[in-house]
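S.K.: Protein sequence lines, in the order shown, are assigned to chains A and B. Residue numbers 1 to 219, in the numbering used here, belong to the letters of the first sequence in order. Residue numbers 1 to 498, in the numbering used here, belong to the letters of the second sequence in order.
Note that these hints are calculated values from the structure, not bench results. Each hint should be verified, as a subset may be incorrect.
Unchecked claim - A partial selection of chain B residues facing chain A, derived with a Cβ cut-off under 8 Å:
#, residue
1, Leu-413
2, Leu-415
3, Val-416
Stated by the list, open to error - A short list of chain A residues far from chain B (calculated; beta carbon distances all over 10 Å):
#, residue
4, Arg-17
5, Ala-51
6, Asp-57
7, Ala-97
8, Ala-108
9, Thr-125
10, Asp-132
11, Ala-157
12, His-201
Just so it is clear, CB atoms sit at the ideal spot from N, CA and C, and this is done for glycine as well.
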Amino acid sequence: MSALLVIDRLSVRYDSRHVLRALSLEVRGGEIVALMGPSGVGKSTALRAVAALQPFDDGGIVVDGFELAPGPVPPESRLVPLRRRVGLVFQAHALFAHLTALDNVTLALRHVLGQSRSDAEAVATKLLASLDVGARATAWPSQLSGGEAQRVAIARALAPNPALLLMDEPTAALDPARRGALGTTLRHLTKQGRGLLIATHDTEFARGLADRIVSLGAG
Amino acid sequence: MIAARTLGVTGLAFCLSTTLGAQGASRRELVWGGDAEGGAPFVEADPANPSRVRGFDVEVAERIARGLGGEGRTARFVQVQWSNLDQSVERGDFTLGLSGVEDTPVRRARHAVTIPYFEFREVLAVRPEDAGRIHGLADLRGRRVATLGATIAYDLLVAARDSTGLIPISYDDDVHPYADLARGRVDAVLLDHIIAQRALRRSGGPGGAFVIVAQPVAIGHYVGVLARADAVLRDSVDAVLREAMRDGSLEQIFRRWDVWDPSQGALFDRVLRSDRAPKAAGAARGISAVAYLPSLAGAAGVTALVSLLSMMLAVIVGLGLASSRVYGPVWLRVATTVYIELIRGTPLLLQLFVIYYGLAGVVRLPAFLAAVLALGLNYAAYEAEIYRGALEAVPRPQLEAARTLGLSELQILRLVRGPQALRFALAPMTNDFVALLKDSSLVSVITVVELTKQTAIYATNVGSWVVPGALCAAIYLAMSLPLARLARRLERRWRPAA
């Protein structure tokens, strides 16, 4: 199967300091790739560059045929194809605090994909149920536990059905039992050919789950 | 630091000396109060030496001082706002109030009042084209008639409102009524003939912007006012005034200021013939609190309406300013910053004057509209800063999450950033609205009679601030407390289990 994501010698500098130096990796459909390394080596930076949340200085990124070039982040109007292809689950979930779990998931379906409220809610309800948080649909983000919030955040990222899902430190707030359940869930997500790139410093989790591990050294 | 402290001490000493003016005055001084803002020919700052005052009331005060006691006293002037003269004299700020003070039954009942020393006529001023039609108050049905608040003229207009249906408009000064007559904001002005003639001279004399109706509406008298406890001193002042009428010195003063006419001679004769003062003009008014409740309620309605409309304008303009400042190109950010700093850096009172009087040559705004505009545009600057702060307080990950979902910048503002910012903005907005409710009292300077102004009129009439002040405070609280509670509830609803 062809690569969903190709990162080629990606470099990011803050001032003159390299945060990321010549990172190269590929993620293919149906594959889970773990991006490993101690904190501060640029794992999150790499994910943010792929999601076009921050500029990079050298190298290239291709997501399912859509190319990102070094230099400033393009305006959102030029990023529409990328937004359709890539979902991102933030480390701290970043659920919209003023919306219920269900409305967090339906937001993009209704306002980006133009679905009706009832259609969007049907999709969202199914997604939340498949992630084991169907009962929490009407809860506010502040009422959710860490694990529940993370599942809702995954549902939100998956709602527009992206081919590539990026996850930043998904096990950071989970106890061991939840960690195992999360692994099962993520493996299930690859069934329809989706690719996952997971930034983590949790060696055990990465070894147990990932098809491939890319290690980032310090500096 | 040392300089500042010295300045502070000097300032404090100055305040104390001013406050204690009457009490601390030597026996050789007569401290008298008047309002130099009222201007010539009563009391005005001397153009040759603005630290001194001049005018016929100044000379009357000096004449009285000279005649008091064995070897006489010297007169010392203190500035007091005209409408506060009665209360101020009872407080002991000065001994004798003299500044076109009118002889009314209420004043006589509450204070020690001298014999009348000048007779004035309440005259109407109208635009030249109306001169043939308007001869008295009865010809002014449905028309707007301006005067100075808390005067006999104002009482005449209020009485005529019920009998002839004219619309009384109350001003805080006696200059702007004539300016607004010329501009067409009012149809007539009712004031003392001295004031009318002065205004006529200022507007270019006969053939100017208005004419004075020959037939006076009423006759009144100027008196001096002393504290009720000073009845003995009042009798001495009366004696000096009678002496000045007899020896011609009072006539000389009035002739010097070009306000002498035959009716003054007749007044002097009447006063000198009888020991008793002529009957005061105007009817004694009922002063029970109940009588004022309807007008206070109406004024509270004006306050609420002005505040609500101003706040709506402030929110709309404030949102525009804030989005320009957060999202706009550089030139727009600079322009909004200039607007915000200009508005926040200058007094609201000044902005009110500029919008109502300053712009009158370009656009003649009705007073109510000018009030809403001035308050709204002023508070918009403060709202804009609240909204900007609130927009910038929305955590960045929330905005980035919205971007990764494919929402456009406008959608992010509408669906994510705006709603979240609203929660941050709600509490400061409520505080601002409560502040606006109270600042709305400033609009009385451009003739809008709202709660505080109506209370001041009430207080002037009953001669005390205790009951009117308490009523007024209670009404303001009744409006502001539920607001604060409502905002807290909304905040709770939008921040569930926070």
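S.K.: Check each numbered hint from earlier against the structure, then list the numbers of those it violates in ascending order.
M.R.: 1, 5, 7, 8 and 11
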